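Asker: Protein chains in written order, with our numbering: chain V, 1 to 147; chain X, 148 to 321.
Please note that a few of the clues may not be correct.
As the list claims (entries may be wrong) - EDC-like cross-link-like pairs, simulated, lysine to aspartate or glutamate; straight-line CA separation at most 20 angstroms:
no. : chain 1 : residue 1 : chain 2 : residue 2
1   : X       : Lys-248   : X       : Glu-184
2   : X       : Lys-304   : X       : Glu-243
3   : X       : Lys-174   : V       : Glu-54
4   : V       : Lys-138   : X       : Glu-316
5   : X       : Lys-304   : V       : Glu-54
6   : V       : Lys-57    : X       : Asp-292
7   : X       : Lys-298   : V       : Glu-54
8   : V       : Lys-42    : V       : Glu-71
9   : X       : Lys-224   : X       : Glu-234
10  : X       : Lys-321   : X       : Asp-199
11  : X       : Lys-174   : X       : Glu-316
12  : X       : Lys-174   : V       : Asp-126
13  : X       : Lys-321   : V       : Asp-126
14  : V       : Lys-55    : X       : Asp-293
15  : X       : Lys-304   : X       : Glu-234
16  : V       : Lys-138   : V       : Asp-126
17  : V       : Lys-82    : V       : Asp-46
18  : X       : Lys-206   : X       : Glu-316
19  : V       : Lys-97    : V       : Asp-81
20  : V       : Lys-55    : X       : Glu-296
21  : V       : Lys-138   : X       : Asp-178
22  : V       : Lys-138   : V       : Glu-54
23  : X       : Lys-304   : X       : Asp-293
24  : V       : Lys-42    : V       : Glu-118
25  : V       : Lys-138   : V       : Asp-60
26  : X       : Lys-248   : X       : Glu-316
27  : V       : Lys-57    : V       : Glu-145
28  : X       : Lys-248   : X       : Glu-232
29  : V       : Lys-138   : X       : Glu-179
30  : X       : Lys-174   : V       : Asp-60
31  : V       : Lys-57    : X       : Glu-296
32  : V       : Lys-138   : X       : Glu-318
33  : V       : Lys-57    : V       : Glu-103
34  : V       : Lys-55    : X       : Asp-292
35  : V       : Lys-138   : V       : Glu-89
36  : X       : Lys-321   : V       : Glu-118
Stated by the list, open to error - Every beta carbon over 10 angstroms from chain X, so not counted as near; a handful from chain V, in silico:
no. : residue
37  : Lys-42
38  : Gly-72
39  : Gln-73
40  : Leu-84
By construction, these hints were calculated from the structure, which means they are not laboratory data.
This structure is a prediction, so every number in the text was calculated from the model and none was measured.
Glycine included, every Cβ here is placed at the ideal spot set by N, Cα and C.
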Amino acid sequence: MKFKTKRKKSLPEISTSSLPDIIFILLFFFMVTMVIKDDQSKFQVDRPTAVQIEKMKHLDLSATIWVGYDEGQSIPLIQFDKRLIQVDEVAGLIAEKRATLPESSAPLFTTIIKADRELPMYLITDIKQELRSINALKIQYSIQEES
Amino acid sequence: MADIAFLLLIFFLVTTTIESESGLMRKLPPDEDSSGEIKRRNVLNILINNDDQLMVNLKPMEIDALPAYAATFIQNKEEKSTFPEMELKDLELLGETMVSKQVISLQCATHTSYGSYVGVQDALASAYRSARNDFSEQHFNRSFDDLLEAKAIERVKVVQSAIPMRISEAEPFK
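Could you build all of it, start to finish, from the sequences and the hints given here?
Answerer: If you want it as structure tokens, here you go:
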């Protein structure tokens with residue numbers, strides 16, 4: 001009797017027909033999780049560092065105020081929504097922004113203050129007074145994350 | 148098909164920034180806040196001058212020493228007469244418990260730098276954290292961080308109401 005021994009046991013090729021599907025799933029994942037970053041400051045802001053930090057939960061219920069210096073200048077600048085503003089405009093603009101949210105989530109509204117560590121405190125206090133005047137009491141002092 | 152999907156995928160990979168805003172969360176006092184007189188011994192007075200130097204209860208102090216000092220002040224375990232008064236407070240789960248009537252007052256100068264202000268806020272946050280950890284370990288045999296992590300909300304609330312974060316801020320001085 002003759003035994004037929006298979007000499008070559010070649011591996012079957014991996015099917016690539018499902019590859020597009022996998023890639024699409026990945027693609028959708030990234031599309032869904034992506035946040036288009038559009039809050040860039042027009043000037044350099046060197047934020048302070050801290051240890052006891054908390055992460056923001058409701059990013060959509062927040063507004064960011066940038067405070068810093070233009071390069072080599074000593075006059076502080078305030079930026080909100082891509083434009084430079086004066087201190088006394090803060091209350092109005094934040095109130096406007098808060099008004100676009102549903103009323104029920106207004107208490108959760110947080111103002112993120114991204115300020116330069118070299119800034120004098122009177123300016124920060126003025127901004128806080130503005131926020132108090134419109135009852136926007138939740139604030140976050142944004143810090144530089146060490147990477 | 149796969150090529151196009153790949154291209155799109157790479158585009159999204161490159162442009163995506165997984166964003167997380169982290170920082171120090173604080174709540175400002177309401178506008179018409181008119182707090183009554185507080186006894187002097189209950190207040191830890193912190194001043195930061197224009198050169199970012201600290202003065203704690205009229206004595207100069209380095210920022211590194213502040214968290215430990217503030218934590219002992221907040222708890223006043225030894226019931227020192229210069230530290231805050233103790234009172235019996237009716238807490239859930241624990242019943243009547245001795246807690247201190249601590250308040251921390253933070254005042255800056257007009258030209259104190261924002262960086263050092265945030266540094267002091269951070270130091271106070273870690274003082275409260277270690278005071279809460281202590282209290283929690285004493286009464287629940289677990290640290291406050293543990294409770295937070297385990298999401299033991301009831302006990303977290305008890306600790307928070309026993310040691311509330313009371314940082315009052317005065318207008319900057321000249």
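Asker: Does each hint hold? Answer for all of them.
Answerer: Hint check:
no.	hint	verdict
1	X:Lys-248 with X:Glu-184	holds, 13 angstroms
2	X:Lys-304 with X:Glu-243	holds, 15 angstroms
3	X:Lys-174 with V:Glu-54	holds, 13 angstroms
4	V:Lys-138 with X:Glu-316	holds, 15 angstroms
5	X:Lys-304 with V:Glu-54	holds, 18 angstroms
6	V:Lys-57 with X:Asp-292	holds, 19 angstroms
7	X:Lys-298 with V:Glu-54	holds, 16 angstroms
8	V:Lys-42 with V:Glu-71	holds, 10 angstroms
9	X:Lys-224 with X:Glu-234	holds, 12 angstroms
10	X:Lys-321 with X:Asp-199	holds, 13 angstroms
11	X:Lys-174 with X:Glu-316	holds, 11 angstroms
12	X:Lys-174 with V:Asp-126	holds, 16 angstroms
13	X:Lys-321 with V:Asp-126	holds, 14 angstroms
14	V:Lys-55 with X:Asp-293	holds, 18 angstroms
15	X:Lys-304 with X:Glu-234	holds, 19 angstroms
16	V:Lys-138 with V:Asp-126	holds, 15 angstroms
17	V:Lys-82 with V:Asp-46	holds, 18 angstroms
18	X:Lys-206 with X:Glu-316	holds, 19 angstroms
19	V:Lys-97 with V:Asp-81	holds, 10 angstroms
20	V:Lys-55 with X:Glu-296	holds, 14 angstroms
21	V:Lys-138 with X:Asp-178	holds, 13 angstroms
22	V:Lys-138 with V:Glu-54	holds, 13 angstroms
23	X:Lys-304 with X:Asp-293	holds, 13 angstroms
24	V:Lys-42 with V:Glu-118	holds, 17 angstroms
25	V:Lys-138 with V:Asp-60	holds, 14 angstroms
26	X:Lys-248 with X:Glu-316	holds, 17 angstroms
27	V:Lys-57 with V:Glu-145	holds, 17 angstroms
28	X:Lys-248 with X:Glu-232	holds, 6 angstroms
29	V:Lys-138 with X:Glu-179	holds, 16 angstroms
30	X:Lys-174 with V:Asp-60	holds, 18 angstroms
31	V:Lys-57 with X:Glu-296	holds, 16 angstroms
32	V:Lys-138 with X:Glu-318	holds, 18 angstroms
33	V:Lys-57 with V:Glu-103	holds, 18 angstroms
34	V:Lys-55 with X:Asp-292	holds, 15 angstroms
35	V:Lys-138 with V:Glu-89	holds, 18 angstroms
36	X:Lys-321 with V:Glu-118	holds, 18 angstroms
37	Lys-42	holds, 19 angstroms
38	Gly-72	holds, 18 angstroms
39	Gln-73	holds, 17 angstroms
40	Leu-84	holds, 19 angstroms
Checked against the numbered hints listed earlier, the structure breaks none of them; every hint is satisfied.
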